[in-house]
Structure formats: C-alpha cells, structure tokens
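Required output: the full structure, derived from the provided sequences and hints.
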Amino acid sequence: MTRCWHGRAFAALGRWVAGRSPAKAQALARGLTRLPWINAKRRRIAATNIELCFPQLDDAARKALLANTLVSNTTGVLETLRGWFATPAQLTAHAHIVGLEHLHAAMAEGRGVVVVGAHYDGIELAMRHVADASGQPMPILVRRNNDPCIEAVIAEARSTYAGKTYDKKDIAGFTAAVRAGHGVFYVPDQNAARRTVFVPFLGVQAATLGAIGGVLQRSGGRVLLMWARRDADGRQHIDLQPAWEGWPGADDTETAARYMTWIGERLQAAPEQYLWVHRRFKTRPPGELPVYR
0 MTRCWHGRAF AALGRWVAGR SPAKAQALAR GLTRLPWINA KRRRIAATNI ELCFPQLDDA
60 ARKALLANTL VSNTTGVLET LRGWFATPAQ LTAHAHIVGL EHLHAAMAEG RGVVVVGAHY
120 DGIELAMRHV ADASGQPMPI LVRRNNDPCI EAVIAEARST YAGKTYDKKD IAGFTAAVRA
180 GHGVFYVPDQ NAARRTVFVP FLGVQAATLG AIGGVLQRSG GRVLLMWARR DADGRQHIDL
240 QPAWEGWPGA DDTETAARYM TWIGERLQAA PEQYLWVHRR FKTRPPGELP VYR
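Using numbering that gives the first Met the number 0, the first residue of the sequence shown is number 0, and each one after it goes up by one.
For the record, the hints were derived by calculation from the structure and aren't laboratory data. Just so it is clear, CB atoms sit at the ideal spot from N, CA and C, and this is done for glycine as well. Any given hint might turn out to be false.
Restraint ranges, calculated between C-beta atoms of paired labels, are given here [unchecked claim]:
no. : residue 1 : residue 2 : range
1   : Ala268    : Pro54     : 17 to 27 Å
2   : Gly109    : Ala63     : 25 to 35 Å
3   : Ala66     : Asp230    : 14 to 24 Å
4   : Ala8      : Gly219    : 23 to 33 Å
5   : Asp250    : Gly202    : 34 to 44 Å
Now the structure itself:
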C-alpha cells in the first residue's frame, strides 16, 4: 500500500462522506449532478433505458425521470461510501428495516441464508444495515475493482460487515459459505453476457443470468428477498421477505423471469432509484441491433 497514494486518498474521501448526514449527502449529490463531465455517459445510458422501459411517459415526464435518476444515482454513490466507511454510530437511526424477523428465524435454523437483492441505488448501504442488524458478518458475491489499490481499500471496508467477499466467478466458495451456515447477499440482476436467458424486464428482453436458480439451489440455504428505497430525508427503508413458494424452480428461464418481474414491480414506487445508468440491455437476442450508441 506504500505506493497506493490514490487508495489512501479514496479511503479518506470515503470517511469524509461517511461523516455527512443523509441530508447533506443529498445536497452534495445535487451539486455534483450539475457537473456535465460527471454525467455525460451516464446520462446517455439512462436516457436510453428510460425510453425503452417507460414508453408510456411523454417527453416531459421522461426528462424529469432522467434528471431525478441522475441525482439519485449520485446519491447512491455517496451512500455506497457511507456503507463502506461509516462507523456504527454514524449509521444509527438512518434505516428502518421491516421483516428482520425472517432473517433471524432463517439464521436460527443453522442452514444458511441467501438474501437476494437488486441494483437499486444504495444497495451496498442496505447490505451494511442488514448485516449490522443480523449481528454477524454476511459475505457478498462481488465484481472486483480493476485497480488493485482501490480494491484493497474496498475489500478492507467491506470486511467490517461482510467478513469475506467472493469474486463473482467463485460460486463454489460462495455457496459453501451458505452451507456452512452464513447469511450472504446475492444481487444477480445486471446484464449477463454468458449463460444467458432472455426474459422481459418492463417489456424489454433483458439478458439475465440463467444460473440464478442453480446457485440458490446449490447453496441449500433459505432464500429471502430484499428491497430498499430512500425517503425524502435520505433514510433507507428496507424490506425483507421470504421468497415465493416454489422459487427458485427447475426452469432457469422461469426463475429469472419471476425475479426480474419482481424488480419491475418494486421499482415503481421510486423508479428514479434503480440503476438506470447500467447498460442493462447491452446483450441483445440474436438478430436484434444494439440499443446503446
């Protein structure tokens, strides 16, 4: 780490952000969103996604949703830093969790739990809140940062509530953690380029990981669903619920479709808080043209 000055700078920035109140973080996000060089690429991607997924909106409504999405996404980046670097005292009273009894009951069985979430803004912060409330570390399946210095800082920060993180390719290690009795987080809703099934997401065919059901079944753990949204004061409201009866099922496409339908339904309450800046529709069915320019 002696050469990783930018890693130390990143950690210092994270600790500074973690010390801001949710209201101040939201105000900072609004200011950052006005910087065009921050938003150029994200704006193009989000605008395309919103046009595809909300065809019923007129131009004015789409522009408003896009503007709110960019502010929310920037807020989500700051929330991620809070999730990584905040002390327990800095997080107190900034979240309301419903359904925590389902997590405690599942953990009491000793067979492990998989908490399935989605890429709404602030997912890392929600995982931190739930892990802290569970009373034990909850590992995460992650995509490593390409910069080793930044990845080292993130891994150390996550270790305070995740204990251990597993690379997205280390499914064997991840599922073994569940079989060992751990609660873990699993967030498989982004574009899948391999082992893909195409299922509808808000009316658009979305390349989705076909192995979702296989991963969950291989783990042998209880499955819970987690959704979070941010209120006007910046407080997170987190909902934990048991997975649907018979899910995951034997059919990979049906399992993925039920999951993506759930996401489409839940995001309607605050559509700007989903990760529309991700190229969710990058991989297209055979014969379809690319949707992103």
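Against the structure, the hints come out as follows:
{"no.": "1", "hint": "Ala268 <-> Pro54: 17 to 27 Å", "verdict": "holds, 20 Å"}
{"no.": "2", "hint": "Gly109 <-> Ala63: 25 to 35 Å", "verdict": "violated, 49 Å"}
{"no.": "3", "hint": "Ala66 <-> Asp230: 14 to 24 Å", "verdict": "holds, 19 Å"}
{"no.": "4", "hint": "Ala8 <-> Gly219: 23 to 33 Å", "verdict": "violated, 42 Å"}
{"no.": "5", "hint": "Asp250 <-> Gly202: 34 to 44 Å", "verdict": "violated, 21 Å"}
In the structure shown, a violation is registered for the earlier hints numbered 2, 4 and 5, in ascending order.
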